[in-house]
Amino acid sequence: MRTILFVSFCLAAAAQEPVSFNRDIRPIMSDTCFKCHGPDKSGRMANLRLDLREEALKPNRRGLAPIVPGDPEKSHIVQRIYATGGPLMPPASSHKSLTAAQKNTIKRWVAEGAKYEGHWAYEPVRRPAAGASIDSLIRARLGSIQPAPETDRRTLIRRAALDLTGIPPTPEEVDAFVNDTSANAYERLIDKLMASTRYAEKQAMHWLDAVRYADTAGFHGDNPFPAWPYRDYVLRSFHRNQPFDQFTREQLAGDLLPNATVEQKTASAFNRILRVSAEGGVQPKEYLAKYGADRVRTTATVWLGSTLGCAECHDHKFDPFTAKDFYSMKAFFADIKETGLVADKGPNAWGSQMDLATPEQAARRRQAQQAVDAAEQALAKGRTPELEAALMGRHTSGELKWLYQRPVAANAGSATLTIYNDQVPPMANTPKSTSPGNGLVIASGENPETETYAITLAPGPGKWAQLGVQAVQDESLAGLGVARGADRLMISEVEAELLPEGRKLRFTMAASSIKLQNRDQNPLNAIDGDPATGWGGSPYHDGVLPFLALRFSEPVATTAGSRILVRLRHETAFRRATTGRLRLALSPGLAMPAADATNKKHEPVDKGLSPSILAVLKKPAAKREDDDKALIARALDWTDGARQSLAVAAARARAHLDVVEIAIPRVMVTEATAPEPTRILARGNFMDESSPIVEPAIPAFLGKVGDGGRATRLDLANWLVSRENPLTARAYVNRQWRLFFGTGLSKVLEDLGSQGEWPVHADLLDFLAFEFMDKGWDRKHITKLIVMSHAYRQSSAVSGDQDPDNRLLSRQNRLRVDAEVVRDIALHTAGLLTEQFGGPSARPYQPDGYLAALNFPKRDYAASKGPDQYRRGLYTFWQRTFLHPSMSTFDAASREECTVNRSLSNTPLQALVLLNDPTYVEAARVFAQNALRSADAPTPEGRVAWAFRRALGRAPTEEERGILVGLYKKGLRRFDADPAAARAFISSGDAPGLPGANPVELAAAMTVTRAILNLHETITRN
Amino acid sequence: MQTRRAFLNRSLAGALGMTAVNQLLAKGVISPLHHKPTAKRVIFLYQAGGPSHLETFDYKPRLKEMHLKPMPESFTKGQQIAQLQGKPLICYGPQLNFKRFGKSGQEICDLFPHIGSVADDICLVKSMWGEQINHDPAHTLMNTGSILAGRPSMGSWVLYGLGAETEDLPGYVVLMSAGRGGQMQPIAARQWSAGILPSKLQGVKLNSIGDPVLYIKNPNGLDAGLQKDSVDAVGALNKASYNDLRDPEILTRVSQYEMAFRMQTSVPGLMDMSNEPASVLEAYGATPGDGSFASNCLLARRLAERGVRFIQLYHRDWDHHGGVKNNVTLKAEEVDRPTAALINDLKQRGMLDETLVVWGGEFGRTPMSQGGDGRDHHIKGFSYMVAGGGIKGGISYGNTDELGYAAVEKPVSVHDFHATMLHVLGIDHLRMTVKFQGLDARLTGISGEVVKDILR
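Quick note, the sequences are listed as chains P and W, same order. Positions 0 to 1021 (numbering that gives the first Met the number 0) are the ones given, in order, by the first sequence. Positions 0 to 455 (numbering that gives the first Met the number 0) are the ones given, in order, by the second sequence.
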């Protein structure tokens, strides 16, 4: 604050200007007077308002006029702020005081006639003077201060590339630009950068903060919801430079546009990606109030640059927003179909959605569905009443039982498997349980990314039709209570072998007890021979232990000495999604997959048909509901060996349909419904229904929308981007300015109101805002205007101390890059970055256990494999309550709330990330491999120089090279003495190594590349 | 961004400049505080999930008499309710016995004999009340004083106000333990976020599994010596860059790398409890490395000794919608002994007088039954235990009504609690503010009164 005032005074003094209400007085009064003498009537003292001139001139009951224009001595407020004996204003209880300079300013302003001005941001955007430009307006303010010269070419291209695309230039690009002497070299560079998809990615990053885009629900269980296609929409919109007015309409009201396209409906996800709760015990009205308020806060911040959210409980203290304005704004969103308690599982999870099948996908789905229907029909024909009678017979004969086996041996690659037959297993949830394990196998010790369990059964004499695999739940298991890691259980393949014969046992069919499984966990995946696909499930969804029933291609006869060796492979892309606890079972007949409740962990025998099926079988046919019929059909089809080939065909058809469905993205969208009445909530209390109902309306002091009928979200959007609204364009260009200078023209990006900052370059802000609207809300036009200016291109070197915070912009600023870009720089420099425009979110490596405090369900994390591991930071899976720690350490927003102004901190935890996060260690390794392979000179000096240039676009100085070569030699000595350490150091991450590389040399080179990736300069744009 | 402590000395800073103020602070010539503190640090034993006050610190014989009778509508009409929405409301008597402990005769559930043994050192606040009836927002209110995401947590505020006394460890540390009852509600990282304050003030979670601090461990194969060489090289290169550019941010970066390296050295020492005598481990009931609440209590003392300002232990598993009797019994086994051991240990070391110890959760539980043997979330009245750091021992403060429903006598809001906590630390809650969205944002929002009666 001191600095701001300092600058203001400098300016005022330098220009010998009269006191300006907006520039000089309003900030003082807003901070110290308006709380009691401002717009909020509930907090008003002495019936005095100082924010309106006519009020401030009215004499009070004692005849004292607060302000007498031209006469400070007679003005009561001047007396009160200078009071020594009597009561001083502001009073001590406010913990506010005025400086001598501030008092003097007020006095001078009164003496000059106490001229009021409307608050600058609420005044119409002024048409700029002819010939005005960014540079002319900045120079006008600079006065005698000289602007810095244009920065050197290398710095300039790195600055422009990082600001516009988030990716640093390669040394080749630097050279080309440095050597390009043509007059328009810079403009061609800018055009090329802005035309790239990288530009859209960088811009989208900031927009996603503003609209609080994330991949999870944010409250309580914080489960993933389908949002990423909206991010793709934002990316495409920036890439094709969609005009901002249309971008606005589509997000707020895409669903209301005539003949709304899929793209426009996708945009309307803006209204749905807010934090929502699935916590049991949610009071629906309370949460609907929260959701509505979130939308008001977000819309007001992003488009109006206003803190309308403050008026949820009372009229705004400083700006002319009333509580009625808040609720009238909220009323625009009252037509959004939603519930207070938002289901995070089951068929109604997340409410209104749209699937985004391409025409090809839709056709494939139709075909697959037809195949399923045909197979189902063929199967259904055989479901006769006789079959139902036979089913009961099989049940009573006992052939539909599962016999849980007591394994005789269990081994794994790296994990330890322990068999609990008669012993009591440790149970996290029931520590005092005394039941023996009866065949429970528990995995412990190491949990590698892929793992195979080999379990030997000794079934004794018998004939077996099926093998069963049951995953047993325990609170100690991080992956949904069933897997040891990841956020799911994934068994890629189940194999069996009869010993001592050594005969492979094949399976023809598989089914699972889990109803609401993910479609990528089809039971058939476990016997398809493909390690990439798998089966799994969790009791979280329907409360039964996941059970996989596998039918042998022919019955297996065993004798007393027979053994059945069962292998469970875990080889899918879900790392560490290994079974935590399991039991194996055999069935003499065609038993259904056992549907044991989670507490039935140690029963030696399953009783056959489940109680729910038995109950339905007892019902007369006429009284059976659809669900009942489906249940019986499933039982008949599975247990009827005669129709097995039809059942197999139907299962395969369904599996194929699943594959088709998985590939189709879905996104939450806005669906309009009859609007709920919106009431003013006194003090924001959702239970207080005593206040009136309001209609949708924009803040009253800004005008009116609609033509008499109920105004819609589309009316709101149209007004937001109309020329009658003075705020949207200003808020947008102000935020855009920050991306290129580190500070907005008005510093408080989220508040252009009277508690915000009077912009140092108000005329420049208006120039850009006017230009933005005048040129059809052309976003790239504004960006280009900014980056083409001399102000942007000038050097960031500090010369002189006239303006320590550089608010006058006599030079550029040095800025640490944003969290996502920290990652992008390292991966790009290392040559590891996967550049794929759009698509689902990716999961970078993350420490195990980081999500341990999550529940419902309990889960861990499976880092992406393959190219997805190396995607740009903006595609990181955005888990709101536990954002990836490297992202949050570098100040990425959790996006629980709309964020328009990230801080840029500098902390020890950032050092730990760059030094030790496996992402950066792997990047250092691959970077070092490239240095060994590509450096012109295969010497330490040559490699250091090559790597330095790759990262920073410049050659190292003598001193820098010396330091790094020194580090290299220390590393060499260290690793020479301990080659095993070298091998360990160079095996970080998934990326392939360098064949034939000397491990010691590579490890030493890696210390150098790691140091380079840790430099302040590497993560800074100068 | 303002330097820490700046808020306390804005006028001084204006006159002298921040560097001068920091020097004066360092020499003890001026105090950063608003008034004389009675505590230097806080250890907050956060019982997450919502402990039943009716089975811990708030004995209600009248509720026993009303057992299984309908809850009088006069109590519940128009009040918020969570999972019992639309269900009959039936009184559910206290499920456990209470006993008088100590000279003060404080009435405490007899499953907590160890806490009972320090009854004369603790103050039971029986009249807490909250505003948010679901876990996530209730945690957010208790930690940040606001229900909106993005406000600073109390630990960040305290660190903002007072700074830390350690340069080798974070000033605000969060520990977490799981109960054995399997009723664990999630807890978002937001609860220890610095929100609108600089992110260096955020709580740093110390983990019992994996690396104690995220990324504290060197990459495989890289020993401490080479890590030191690497950090030194980065420092030397950054300094060279500073010599060229004179950007003070570069020097900050250099010192942050140095601190990171110091943390890498000091954290293993902190976590290594092998030098703790068996008698101490026994008193806490701690097995080092097991990640239990008991181990965390011992770790809390070690953190306090090392100058960490705000230490918060979450113990999850208090959400007893069902089986409140058995589940509180299980929790008592987990928390009774270590809580008392921590108080005794601090006392023996002369640290209790300068440490505010707090025990409590995000809300309490209904006097009405849920599902026959449980209790639902409840915000109208619940209990907190506070001790040390200028708090009177052996007293209880405030009361709920005869059925344990609403705090009727001397109610204490979350903001009152925060105001009192800041007060004992020497901070006037009205005067510690930062500008945000046009407001002077503070931990206590727009309310909060110091509960003077519990201060020594």
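Hints listed in this document are in silico derivations from the structure and should not be mistaken for laboratory results. Among the clues, some could well be false.
As the list claims (entries may be wrong) - Okay, the calculated beta carbon distance ranges per label pair:
1. W/G162 with P/D70: 44 to 54 Å
2. W/G349 with P/P430: 34 to 44 Å
3. W/T328 with P/K344: 23 to 33 Å
4. P/K606 with W/D119: 33 to 43 Å
5. P/T417 with W/E130: 47 to 57 Å
6. P/R187 with W/G162: 46 to 56 Å
7. P/Q376 with W/D289: 30 to 40 Å
8. W/D289 with P/K191: 57 to 67 Å
9. W/T328 with P/S434: 12 to 22 Å
10. P/N517 with W/G349: 32 to 42 Å
11. P/P866 with W/K227: 30 to 40 Å
Said to hold, decoys possible - When the alpha-carbon atoms are kept at most 25 Å apart in a straight line, the in silico BS3-like pairs for lysine-lysine are as follows:
12. P/K106 with P/K57
13. P/K864 with W/K216
14. W/K238 with P/K968
15. W/K86 with P/K344
16. P/K95 with P/K106
17. P/K969 with W/K238
18. W/K216 with P/K969
19. P/K969 with W/K227
20. P/K323 with P/K336
21. W/K86 with P/K284
22. P/K431 with W/K324
23. P/K114 with P/K57
24. P/K95 with P/K746
25. P/K95 with W/K434
26. P/K102 with W/K76
27. P/K599 with W/K324
28. P/K284 with W/K76
29. W/K434 with P/K34
30. P/K380 with P/K618
31. P/K514 with P/K380
32. W/K434 with P/K746
33. P/K606 with P/K617
34. P/K284 with P/K344
35. P/K34 with P/K102
36. P/K968 with W/K227
37. P/K968 with W/K76
38. W/K434 with P/K40
39. W/K86 with W/K68
Heads up, the beta-carbon is just placed ideally off N, CA and C, and yes, glycines get one too.
Hints, verified against the model:
no.	hint	verdict
1	W/G162 with P/D70: 44 to 54 Å	holds, 49 Å
2	W/G349 with P/P430: 34 to 44 Å	holds, 37 Å
3	W/T328 with P/K344: 23 to 33 Å	holds, 32 Å
4	P/K606 with W/D119: 33 to 43 Å	violated, 58 Å
5	P/T417 with W/E130: 47 to 57 Å	holds, 49 Å
6	P/R187 with W/G162: 46 to 56 Å	holds, 51 Å
7	P/Q376 with W/D289: 30 to 40 Å	violated, 59 Å
8	W/D289 with P/K191: 57 to 67 Å	holds, 58 Å
9	W/T328 with P/S434: 12 to 22 Å	holds, 21 Å
10	P/N517 with W/G349: 32 to 42 Å	violated, 57 Å
11	P/P866 with W/K227: 30 to 40 Å	holds, 36 Å
12	P/K106 with P/K57	holds, 18 Å
13	P/K864 with W/K216	holds, 23 Å
14	W/K238 with P/K968	holds, 21 Å
15	W/K86 with P/K344	holds, 24 Å
16	P/K95 with P/K106	holds, 18 Å
17	P/K969 with W/K238	holds, 20 Å
18	W/K216 with P/K969	holds, 20 Å
19	P/K969 with W/K227	holds, 11 Å
20	P/K323 with P/K336	holds, 23 Å
21	W/K86 with P/K284	holds, 17 Å
22	P/K431 with W/K324	holds, 16 Å
23	P/K114 with P/K57	holds, 15 Å
24	P/K95 with P/K746	holds, 22 Å
25	P/K95 with W/K434	holds, 13 Å
26	P/K102 with W/K76	violated, 54 Å
27	P/K599 with W/K324	holds, 23 Å
28	P/K284 with W/K76	holds, 17 Å
29	W/K434 with P/K34	holds, 14 Å
30	P/K380 with P/K618	holds, 21 Å
31	P/K514 with P/K380	holds, 24 Å
32	W/K434 with P/K746	holds, 13 Å
33	P/K606 with P/K617	holds, 17 Å
34	P/K284 with P/K344	holds, 21 Å
35	P/K34 with P/K102	holds, 18 Å
36	P/K968 with W/K227	holds, 14 Å
37	P/K968 with W/K76	violated, 77 Å
38	W/K434 with P/K40	holds, 22 Å
39	W/K86 with W/K68	holds, 14 Å
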